[in-house]
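Q: Each chain, written out:
2 protein chains.
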Amino acid sequence: MNLVLLGFGNIGQGFARTLLRKMKFLSKRYGLTPRIIAAVDVDGAVVDESGLDIEKLLETAEEKGTVAEYPRKGEKGRSGVEVIRNIKADVVFELTPTNIEDGEPGLTHIKEAITAGRDVITSNKGPLVVAFRELNEMAANFGVEFRYSASVGGAIPIIGLVRDQLAGDEVYSIQGVLNGTTNYILTRMAMEGAPFDVVLREAQELEIAEKDPTLDVEGIDTACKVTVLANALLDWDSRLDDVDITGIRRVGPDVTRLAQETKNTVKLVGVANSEKLEVSPRLVPIGHPLDVRGTLNAITLETDLAREISISGFGAGPQETSSALLGDMIEIYRSKGD
Amino acid sequence: MNLVLLGFGNIGQGFARTLLRKMKFLSKRYGLTPRIIAAVDVDGAVVDESGLDIEKLLETAEEKGTVAEYPRKGEKGRSGVEVIRNIKADVVFELTPTNIEDGEPGLTHIKEAITAGRDVITSNKGPLVVAFRELNEMAANFGVEFRYSASVGGAIPIIGLVRDQLAGDEVYSIQGVLNGTTNYILTRMAMEGAPFDVVLREAQELEIAEKDPTLDVEGIDTACKVTVLANALLDWDSRLDDVDITGIRRVGPDVTRLAQETKNTVKLVGVANSEKLEVSPRLVPIGHPLDVRGTLNAITLETDLAREISISGFGAGPQETSSALLGDMIEIYRSKGD
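Protein chains in written order, with UniProt numbering: chain A, 1 to 338; chain B, 1 to 338.
The following block holds chain A by itself, in its conformation from the complex (with noise of 0.2 Å):
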């Protein structure tokens, strides 16, 4: 199986490192051997279609920053785009950054892909959140596979569960601590009393929060996740605008305090329903499925037939993540063979 990897960063890496580990593994269970055939980031893409020797692939981004560096097939300013339309591969990975603002690079890059006929595996909510139904379509009118497990929930694999095991279910409702920034921050402020600004700096320091953490504390990236869920998941046909949206910024001492007296905590939760899509704080009783501590992330789903399900663990990581594109590989390859 011939892929190519759109994005090095750490996710890609990330990815590249799990290949590199799972090789053994994947060829005795499933008789499947992946090949990196190219992998492309900003500065440039390096090429062989005999596989690239992933060790050096590594080695290469982490010492000189960029793919483009590999030895003698590195090629400085040779763009994604030209590498799907030259580069006969059987999965496309779009692994670049999430921009909410308009998906690009991703979107061309998925595109791209689906149009000259790959299957496609993201971890990028930016072209989720801007053109979902879009993707979706295009992608069956090309025959082609569209998967994203890895763009919500990291680990958590609730798009699959949905669409595989619950299939004979009717989804109602999903609810859902979806970013492990704001709920570690929101963890330590429960636990020691602490107000936002002070466990927010821990948080940076720690690097679990960024720079910027606005994308986390606003509530944006969980929003970008109800609208991938809904639409996934509900068949909503919604955007990032459409979420109605409160981050954690005024979440005080005193809020948590009184969580805390009525046995309560507080979490920012995501909701999608026929009716809304929304994230908000919310108090969510101690005990209760979404009461997950630290970065974990959890998910509650109402259903018609299994009422209520649960699941939670790790939604984010590199390698955490490398378990949902893993997932999703070994899907396409199960249904097409090599």
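These are computed hints drawn from the structure, not numbers from a lab. Just so you know, not all the hints are guaranteed correct.
What the hints assert, rightly or not - Ranges between beta-carbon positions, derived for each pair:
1) B/280 with A/280: 39 to 45 Å
2) B/21 with A/214: 43 to 49 Å
3) A/86 with B/117: 45 to 51 Å
Even glycine gets a Cβ: it sits at the ideal position worked out from N, Cα and C.
Following the hints, complete the assembly by docking chain B onto the known chain A.
A: Quick look at chain B alone, frame taken from chain A:
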């Protein structure tokens, strides 16, 4: 898609009721039209290859106590084996009660169905704890599907989750609260400080515990589920005898009180890893994903990539179990067509 139902008690009737309710949904979403062409219980059978009237079938079972009284077509004394051999079904549902001694009559039903080239779906743990590998090898040899999602965790789709969404992960260990009756009893004991016998009687009055509660409170039902999970997800070739079992009869109010004082709770936990299969009362920290209340079930997986994933939901009940049976059926339909 033509279905034969072997066993028409709680689970069989619950599944028939669900089919009735979901007919439109299945047709609209998947283009799938299931027909029950035969139903069998201990007293006899009813066969109609053009499709039985499901409402009439449910009425007959409720009012007369057996499908063999189905107007005109019911046949007393006609056996499951005879029906399997003579009726051309697409899928045989084995839904008779669990027999942990020799797996019968389920074991023979499943073998006959596989030999006749039918796909098989079961909720019955009996055959799975006495002949798991044999049945799976038979199914592979005859090129038929053999699915048993409903046998563990009711509506919690743990087996498919690992097989499909976590296909790239290696599972290191499974821990689960897998029996709703004992979890109800332990939850009430913790909440009320009441002794085991009192709470057991209360549970029996509410029909949460059976008159003879041995299988539940002695941990045998949990051990059956541990056996199935170990075989299905950890490549064990185990039988019920391989599980080291301690039930909850000796858990007294002193133990539950001590647990609470240390911010723990007592749960009957099933454990499977590469070293051991075990069922015993264990301390679980309050707030841990296995700390689910009442009749809920929960399972925590440790894997190499996702690290830790937990899932909780309703572990029993005819409607909830139908979620798993229907999920298995739709997956077979998707892979093979009508």
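Q: Each hint needs a verdict: does it hold in this structure or not?
A: Cross-check of the supplied hints:
1. B/280 with A/280: 39 to 45 Å: Cβ of residue 280 of chain B to Cβ of residue 280 of chain A: about 42 Å, so the range 39 to 45 Å holds.
2. B/21 with A/214: 43 to 49 Å: Taking Cβ atoms as reference, residue 21 of chain B and residue 214 of chain A lie about 46 Å apart, which means the hint holds.
3. A/86 with B/117: 45 to 51 Å: With a Cβ separation near 47 Å, residue 86 of chain A and residue 117 of chain B satisfy 45 to 51 Å, so the hint holds.
Of the numbered hints given earlier, the model fails none.
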